[in-house]
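Q: Chain by chain, the residues run as shown.
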Amino acid sequence: MFRHILLATHGTPGAQKAETLALDWARQSGARLTVLSIVNEDWSFMTGDDWLNTSTTRNKFAKYVEDQISGEIGRLWERIRQDFAPLEPEFLRKVGKPETVLAETARELGTDVLVVGANQKKQAPGFKARLKNKELHPLLPCPLVVAP
Amino acid sequence: MANSDVGRPSNVPLWILSGLLLLYGILVYSGMFEQLFKTLHVHKQVDLMEAMSFILGGVGVVTALMRGGRMNKPQTKLDIFVLETIPGILFIIVLAMGIRWFAEPLVTIMSDSLVPVLGFKIHKVLNLNYVVLGIIVGIVITNSWGIPAFAASGVKTARFVLKMGVILLGARYSFAELAKLGMVSVWMIGFFVLGTVFFVLFLGKMFRQPKSMTGVLSAGMGVCGVSATVACAPVVRARCSEMAYTIGTILGFGILCMFAFPTIGKIVGMNPTQFGAWAGTGILNSAQVAAACLAFNSVDIKTLKVGEIFNITRVLFLPVIVLVLASWYGKQSGQKLSFKEVVIDKFPLFIIGFLILFFMSSMGVFSPPSHYKGKYLDFSYNQRTEVTPEELVVLGSAQAAGIPGLKAEEQAAFNDLVHQRQIAGNYDERDNKSVFDATARKRMAALESIIARDKGGEITIAKDVKSAIKHAVKQVHKKSKTIVTLTDAMIWFFAYGLIGLGMQITRKSLAQAGGWPLVMGAISGVTKATLSFIVVMYFVKDVVLK
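Chains as they are written, first to last, in my numbering: chain A, 994 to 1141; chain B, 4 to 549.
Extracted from the complex, chain B is given alone in its bound form (with noise of 0.2 Å):
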């Protein structure tokens, strides 16, 4: 069933991907793309290109070499678990580098080239980032050719590599971003999951549909989508024909709620908050939040970090709604569940992983402890801080000409950075570092104040000072080299992983939608959406990310 075997596929398209792979990584290497890669806009990315050309490549060859000895061999765990598995990693990452690299930057480029005939950037409205294009391969290949023989294997560690995308994400959170997002999505999944679950179990009664039916249906519009039909349609004793109703149905709406989220978002002008909130409550399918909040923003991951704490609360929300329709479906059926079958059974592990990442980071294992993490301050007193000359002569135009409404504190911020040409304590204090540092935050409030009153139309400054002011706060933001690369490498888990998982939703699946459960799904979930986005709207505000 789920899990049938592939047999030991040939190793020649394992060679081609494998010559490919090595061949891309001389060419780049050898500077032939050059000019290319500056037009699209990539040429910062070459390093990383020749790395994993020669890495992926080197692996290939070795793995075709060990495949090649141990063909019409009976398989071990080693050919299993691994060369089995690589051929598909490879070719998935392929696909992932050939759209981040290409794909991507030439749809933009096409999209801006269409401008003066559409009036708008299609690629922005329909949100053609690597996320979605990503996922549209993936469905486009396995609805066509079908996913070919010798990825098949891989192609399932899709799910592993989202999970691993999601413990990553877990080094991204300080403190108070978690204990504030935790709240408002305990309280608002809470609502939205069980409000859907029993919404769901009153439309089935309304339609007088069997209880196994909407049961099924229940879970998988209430908690996240086709998991939750996998979760708990042996608890209410679904039929073949309620799980595929279900399946078609969830599958059918989330890809919906994935394209049209993110543009909705973006029309009303959401905030990073507002999305993440809104498609981690509305949208069905976990994976499908996080393909939704990268469409949104695929830059910046602020949205991703909103909407996957809203996706984990409502995971940590299956064992509770298995228990309710447990004893729902039970009182008929006299069924009984352990413990261990709704708690353990149904806990999602990785969550783990995710916490163990954000304790790490908050213990401060990835940058320095007590500051944000990935991010902290510096104020030393050095070159590397300094504003440059050009914004020095402007800020100090600005100083002389004067910037009328600043408060007392602004203006001293001002003058002191026009002094000092960074925002650093006072040099004669540097030995007292807690007197360096108080003053240079205190600072750093003033000109960020200025830079706050000037966006809230409270006083007016020209752009280049404005610009200048911004650019002297930014040098005194640092990056962690360890999170921003556990940073990228989350970039591309998500991007493997989305790949891999369009390759899952099949046309089949799809058309399975119909019947009632068609209908009861479709009010259902149209009315979570448009509740969720009420609320979001009018009540969740901006909180604090970094």
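Same shape as in the complex, but just chain A (with noise of 0.2 Å):
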């Protein structure tokens, strides 16, 4: 059915339904399955107004942000690889805006098909931005599906 599966998780509830989804099809179907992490490229805006601390303070908060994030990616990578052994999946750490990431992701690798989670009420942890489909669609190099 797929040769490659790429899968869109930052392990909110409806992402892990997606992960499901991935799973599932990837067992059925012997298909490589690559889980991409994408680290939303407004964080590099977080600093917000900020105009008081020194460039010592600022440059420690952006790493301590790159630790946390990476973190956050490592621990769901873990749970990933543990919730789908046997299977081996890939990952793939990705930073920029998540439609052209995911977009450009799927053309590099040729995936057959891209699943993601569906848009939840409370999205935790981590950043809180939501797939722009309008956005997505014309750029999508190949069938998208939303786990419900």
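In case anyone wonders, no lab produced these hints; they're calculated from the structure. You may find that some hints are simply not true.
BS3-like, lysine-lysine: derived pairs with alpha carbons at most 25 Å apart [said to hold, decoys possible]: (1) B/Lys159 with A/Lys1090; (2) B/Lys473 with A/Lys1056; (3) B/Lys410 with A/Lys1053; (4) A/Lys1053 with B/Lys473; (5) B/Lys410 with B/Lys473; (6) B/Lys511 with A/Lys1090; (7) A/Lys1053 with B/Lys458; (8) A/Lys1127 with A/Lys1010; (9) B/Lys214 with A/Lys1053; (10) A/Lys1114 with B/Lys511.
Beta-carbon label-pair distances, calculated as ranges [to be verified]: (11) A/Thr1047 with B/Leu68: 31 to 41 Å; (12) B/Leu358 with A/Asn1052: 20 to 30 Å; (13) B/Gly356 with A/Arg1086: 40 to 50 Å.
To give an idea of the interface, some chain B residues facing chain A are shown, with a C-beta separation under 10 Å as derived from the structure [to be verified]: (14) Leu254; (15) Leu321; (16) Leu352; (17) Gly356; (18) Gln507; (19) Ser512; (20) Gln515.
Where a beta carbon is used, it is the ideal one built from N, C-alpha and C, also for glycine.
Join the two chains into one complex using the hints; note that each chain is given alone, in its own frame.
A: Next up, the structure:
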């Protein structure tokens, strides 16, 4: 059925449904599975209108946020690795605008399908950003599946 | 992350900006806009317009040529710190010029013309001066088209320029003001900063929020908004979602305050000291304090002076709060911070610059020593300090008719004014400077007393007489040219900095607000703003501001 599935997840309840669906399909079809974690580029603006701190403090904050995001992604990947065993998914981490990154990655990897979670009422943890279908659909090179 | 590279964008926008500046300079120089400038009431600024247009246009052309020669070459420090930042700097300055000389006057004219329909001046109610307009323009640009790639590096200079504005403000304080305001601000800020921090920690416990969440939120709500969040997040080990929640809440609340405070302040009739104290205590973000003070009064910087002292006091509390939170959080995690991490790294260096300028000013570097910084009294006997012939006639008639209720010293000073046509010592005593000066000061005090008693309703003097006395008093107040230049530069620095900071406020950052942090932030923010309002209205009186 599928040769290569691209799963985009940030670990929220909605995304976990996408994880389950992608796992089932990968098991059924023996397809390669790539798990994509996108670091929202808007984090770069999250120092907001801070103007008082020294560059040392600001750099320390940026490093701290990077470490936190890496930690969150690391924990997510570890959970998926365990949940998906004995499947051996590949993991990919990219920074940028979610819609653009998704389309570019699908194109680069030549995936057959992109699986994402549905919008949820509450999102946690991480950056609150929703995929915009209007922006994503024209860019996608493959079918998109939204896990119910 | 926060310091991502921006590459080397195209040179075309810089050529266009430079060309526009030079063209504008030429058109202003030709006098083509004279009538338009008179209509907009900016005709007195023509010299500045020409100078800024030609200098900045020239800088832009030179930069464009240098950048052109360095395209496709590895970036050096000269590129990163100078050549790549200048396009963005010019972009913000052009926006500031457009806002100060066109947008603000146009808004005023339109607002005036809407009075018959609305019944009030909308620009007064919404405080739509160049500061507020600048921030709005910054926010609109960043949330609609986004910051243009060519300007991205330059926009980051806004932080530095705002600090320069505060440093220049240091030259405008007197020892007496700083001492008195400093004492009031230490008490108020100390109470409200620490009070809010502990209140948020209490709310966090009540709503059963994680310690890292309440820690980072308490710093943001208590001290200085996003800046405190940036400083404290690593200390309390805040998670990404918690930082995002906090920043969203603080930005949203801060923007609301920035627009609401000046309007409320005017409605209840606050004086500059009261409003500066309230804004400096109640508004979370330091840049928004400056913006609210300039929105309350952008012509006279009294409000800004008070607000900034409160602001600086609050900033000085930042290391204290980091220490408090570190020990509060560290009890659980066993984490220890060094003196360098808490005090040296968090200490805002620009405050030293502010103090240096204050001391230089106090030592008389910018204006005659022992006088008020920027203004001094010139009692010399000359034509320049005379009242006009028309005013002399008014004063003479009032003297002949008599002003009921004047005290003896006031009547004497009034007679002397009519006799000498100016406030000065007695001509015969001009060789003895101290006697001459003492006589003049006595006369000035008596004339100021007449004005004050009229204002208080103790006596009644005719409007034209009052105007003539005021003019006579004003004639002896001289402004230091250096201080005037520094103040003008400071106003431009604030305009520039606030446009740039407006560009840092993204809709997506604001959209992060939500959940319990929003509830806790709203409760603590509103409580602080309300309590500080009550304290200011009842306990803070006007201080000597000149």
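Q: Would you mind marking each hint as holding or not holding in the structure?
A: Comparing the hints with the structure gives:
1. B/Lys159 with A/Lys1090: 21 Å, holds
2. B/Lys473 with A/Lys1056: 59 Å, violated
3. B/Lys410 with A/Lys1053: Measuring from Cα to Cα gives roughly 66 Å; hence the hint is violated.
4. A/Lys1053 with B/Lys473: 56 Å, violated
5. B/Lys410 with B/Lys473: 18 Å, holds
6. B/Lys511 with A/Lys1090: The given pair, whose Cα atoms are some 12 Å apart, holds under the 25 Å limit.
7. A/Lys1053 with B/Lys458: Measuring from Cα to Cα gives roughly 56 Å; hence the hint is violated.
8. A/Lys1127 with A/Lys1010: 22 Å, holds
9. B/Lys214 with A/Lys1053: 21 Å, holds
10. A/Lys1114 with B/Lys511: 17 Å, holds
11. A/Thr1047 with B/Leu68: 31 to 41 Å: 34 Å, holds
12. B/Leu358 with A/Asn1052: 20 to 30 Å: At roughly 26 Å between Cβ atoms, A/Asn1052 and B/Leu358 fall inside 20 to 30 Å, so the hint holds.
13. B/Gly356 with A/Arg1086: 40 to 50 Å: 42 Å, holds
14. Leu254: 5 Å, holds
15. Leu321: OK, holds: B/Leu321 within 10 Å of chain A, min 7 Å.
16. Leu352: 7 Å, holds
17. Gly356: With Cβ-Cβ at 13 Å, over 10 Å, it is violated.
18. Gln507: 5 Å, holds
19. Ser512: 6 Å, holds
20. Gln515: 5 Å, holds
Going down the numbered hints, you'll see the structure goes against 2, 3, 4, 7 and 17, while the others check out.
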